[in-house]
Each structure stands twice: as structure tokens, then as C-alpha cells.
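If you're matching them up, the sequences are chains G and W in order. First residue of the first sequence: 1, per the UniProt record's numbering; consecutive thereafter. First residue of the second sequence: 1, per the UniProt record's numbering; consecutive thereafter.
Please note that a few of the clues may not be correct.
If chains are identical, the list can't say which one is meant, so a pair holds when it fits in one copy or spans any two.
What the hints assert, rightly or not - Here are the computed lysine-lysine pairs in the BS3-like style, where the Cα-Cα straight-line distance is at most 30 Å:
#, residue 1, residue 2
1, Lys-190, Lys-41
2, Lys-136, Lys-7
3, Lys-7, Lys-26
4, Lys-78, Lys-26
Simulated from the structure, these hints should not be mistaken for laboratory data.
Single-letter residue listing:
Number of protein chains: 2
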Amino acid sequence: MNRFEEKTIEKEVLFEGRIINLQVEKVALPNGKTSTREIIKHPGAVCVIALTDDDKLIMVEQYRKALERSILEIPAGKLEPGEEPVITAARELEEETGYGSETLTHLISFYTSPGFADELVHVFVANNLYKIQNAKGTDEDEFVELYELTLEEAEECLVDQRIFDAKTAYAVQYLRLQKMIDQQKKSQNKI
Amino acid sequence: MNRFEEKTIEKEVLFEGRIINLQVEKVALPNGKTSTREIIKHPGAVCVIALTDDDKLIMVEQYRKALERSILEIPAGKLEPGEEPVITAARELEEETGYGSETLTHLISFYTSPGFADELVHVFVANNLYKIQNAKGTDEDEFVELYELTLEEAEECLVDQRIFDAKTAYAVQYLRLQKMIDQQKKSQNKI
Numbered sequence: 001m002n003r004f005e006e007k008t009i010e011k012e013v014l015f016e017g018r019i020i021n022l023q024v025e026k027v028a029l030p031n032g033k034t035s036t037r038e039i040i041k042h043p044g045a046v047c048v049i050a051l052t053d054d055d056k057l058i059m060v061e062q063y064r065k066a067l068e069r070s071i072l073e074i075p076a077g078k079l080e081p082g083e084e085p086v087i088t089a090a091r092e093l094e095e096e097t098g099y100g101s102e103t104l105t106h107l108i109s110f111y112t113s114p115g116f117a118d119e120l121v122h123v124f125v126a127n128n129l130y131k132i133q134n135a136k137g138t139d140e141d142e143f144v145e146l147y148e149l150t151l152e153e154a155e156e157c158l159v160d161q162r163i164f165d166a167k168t169a170y171a172v173q174y175l176r177l178q179k180m181i182d183q184q185k186k187s188q189n190k191i
Numbered sequence: 001m002n003r004f005e006e007k008t009i010e011k012e013v014l015f016e017g018r019i020i021n022l023q024v025e026k027v028a029l030p031n032g033k034t035s036t037r038e039i040i041k042h043p044g045a046v047c048v049i050a051l052t053d054d055d056k057l058i059m060v061e062q063y064r065k066a067l068e069r070s071i072l073e074i075p076a077g078k079l080e081p082g083e084e085p086v087i088t089a090a091r092e093l094e095e096e097t098g099y100g101s102e103t104l105t106h107l108i109s110f111y112t113s114p115g116f117a118d119e120l121v122h123v124f125v126a127n128n129l130y131k132i133q134n135a136k137g138t139d140e141d142e143f144v145e146l147y148e149l150t151l152e153e154a155e156e157c158l159v160d161q162r163i164f165d166a167k168t169a170y171a172v173q174y175l176r177l178q179k180m181i182d183q184q185k186k187s188q189n190k191i
């Protein structure tokens with residue numbers, strides 16, 4: 001899809017960091033005029049909706065410097081260059097929670113901030129979890145605390161904004177929807 | 001919530017743009033070591049789940065330079081400094097779709113990319129739409145085409161990745177969940 005395409009006239013890379021790059025592009029608009037676009041390049045990320053055998057959602061509390069506070073999120077992490085997202089998902093799940101999953105399946109991928117960033121997040125669902133002996137820990141500058149929440153507890157955390165990010169809000173809503181679909185199936189089977 | 005707080009030791013603003021600023025901070029970690037954090041400052045944004053009287057979802061197709069492609073999104077836009085999100089929501093709805101709404105209600109707010117950006121998106125639901133005579137148009141460097149999609153059509157667009165961003169994926173899932181809740185209420189009323 002390239003409707004209203006904006007062709008690059010000039011591109012300047014202003015910052016190359018550990019995680020993000022910043023570039024500013026001068027673009028030709030569909031009406032022949034020009035504008036500038038400020039763009040963040042990001043390697044992409046994964047996140048994992050990890051469910052325990054008793055249907056609890058595994059969450060990590062983590063300080064987010066950009067927000068100057070900590071929030072509860074589903075386990076997540078950045079892609080290494082050339083890495084398949086499912087590999088990243090398994091690694092982040094192990095590092096942040098100590099769990100492995102027998103069934104790690106891709107659910108959806110979405111861009112988080114298409115107005116200024118190319119960060120694409122791949123969402124996975126992990127069931128049939130097992131504890132990994134001597135699991136790899138988190139990166140040396142990463143500190144997390146684990147929680148296991150029922151769906152109702154997670155919905156309360158959304159209301160009081162302890163859960164406060166898009167991927168985790170999506171995950172909680174996904175679980176509510178799945179629960180309703182399951183209930184509907186059960187009630188149809190009864191009839 | 002400030003668990004695992006990272007105190008700023010040094011802060012350098014590397015870029016101040018039209019939409020985003022970039023700063024790099026040296027921080028003290030909970031274990032006494034230091035690290036750097038690359039942070040994008042963003043003014044925040046709104047998006048609107050706008051439903052026609054026949055339950056169609058209003059979408060805009062827009063080219064996103066960061067993605068080098070166009071995607072279908074729910075109407076959205078940035079906050080002006082000091083602006084109440086509900087005001088931004090009404091303005092963006094008018095500019096991008098030509099509609100006003102008699103009932104514009106806040107649904108949820110979430111951070112889009114807490115790992116590197118402070119962008120907070122406020123999600124609104126707009127019902128009871130009416131056409132605004134001589135509606136204000138989009139910004140001069142913004143080109144959009146309108147669509148009205150059924151829920152099923154929107155779900156197909158998610159599968160073929162014409163819809164490809166977090167807020168719009170959230171919106172479509174929200175509408176599916178609301179539809180199931182409505183159906184469940186109706187079937188309970190029958191019994």
C-alpha cells in the first residue's frame with residue numbers, strides 16, 4: 001500500500017544509539033509540496049502473553065525511565081539483529097520469568113507508534129509453561145519483579161493504571177475476549 | 001510506583017523537533033551501577049473509535065513515512081500544548097472525517113512504547129455522529145482517505161495487515177468484545 005506516498009528528498013541520520021536511531025527526512029508530498037518527517041528506527045520487539053496452568057497471566061514490574069515510574073507489563077524485549085521473533089520471545093520469557101513454553105504461538109504483530117517510529121511488536125501466546133533449571137537472567141541493566149495475576153486482577157490494574165501500556169492493555173482485552181468465547185461455547189454445548 | 005527507580009545523573013537533549021525530542025540520560029541503577037537511557041519525548045496523542053449509526057467503524061488511510069507504506073487507522077492526532085485530550089479528540093475527528101459526535105467518551109489511555117518513549121495515547125469512543133458543515137480539513141502536510149468498515153471487514157484488514165498498528169488493533173478487539181457482551185445480554189434476556 002503506497003497511497004499518498006511521500007518520496008524522500010533528503011535524509012539525515014542525527015543519532016545512532018544503543019536501541020534507537022533518529023533520522024529526519026525531507027519528503028515530497030502528494031500535492032508537490034515538501035515537509036519534514038522525524039523518524040525513530042527501532043529493531044522491533046516481542047511480547048508474550050504467558051499463562052500458567054491455573055490461567056494466571058505472568059507480568060513483570062519494571063521501571064521505565066521514559067515514564068519516570070514503574071509499570072506492570074507482559075514480558076517483552078527487543079529483537080537482536082536478524083533474529084526470528086519466536087526465538088526472541090522464548091529468550092525473553094526465560095530471562096524475565098524463568099519459564100519455558102511448550103506452545104509459543106504468534107498471535108498478532110503491530111506497529112506501536114506509526115506516526116514517528118517503525119517499532120513493530122510481535123505478540124505471542126505461551127501456554128504449557130515449565131520452570132527452566134538455571135534459567136538465564138535479565139540483562140545486567142534490567143530489574144524486574146514477577147507477578148501472576150488473574151484476569152480480574154489484571155483488569156483492576158488497568159483501571160488503576162499500574163498496567164498502562166498498549167501491548168499489555170491489548171493482552172488483557174484479548175484474554176477477556178477469549179474467556180467470553182469459551183463461555184459462549186460451553187453454554188452452546190449445554191443447549 | 002517507583003520500584004527499581006533509576007535516578008538521573010546526567011541528561012543531554014540531543015534533538016528538539018517539530019513533534020519529538022530526543023534525550024539521553026545517564027542513570028543510577030538499583031544495584032549502584034550506571035547505564036544510559038535513550039528517551040523520546042512526545043506531546044501525547046488521542047485516537048477515536050468513531051461508530052456510524054449503522055455500526056460501521058470510521059477509518060482513515062494515511063501514508064506513514066516511518067513505515068514507508070500507508071495503513072488504515074482510526075482517526076488520531078497529537079495534543080497541542082496544554083490541550084485537554086477530549087478537545088483534541090473532537091478536533092481530530094472533525095479534521096480527518098468531517099464528523100462531530102454528541103457523545104465523545106474516554107475509554108482508556110496507554111503508553112505506546114514505554115521502553116523508549118513517553119507518548120501517551122488517549123482512546124475515545126464517539127457515537128451519535130453528525131456531519132459538520134464546512135468542517136475544518138486536515139493539516140496541510142496530511143493526506144487521508146476515509147473508509148467505513150463493518151467489524152468483520154476491520155478484522156479482515158487486521159489479518160491482511162492493512163490495519164497494522166496497536167491502537168487500531170486494540171479498537172477492533174474492543175468492538176468485538178462489546179459485540180459479544182451485547183449478544184450475551186440479548187441471549188440472557190431471552191431466557
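Enumerated hints in conflict with the structure, sorted upward: Number 1 - this is the single hint that the structure violates.
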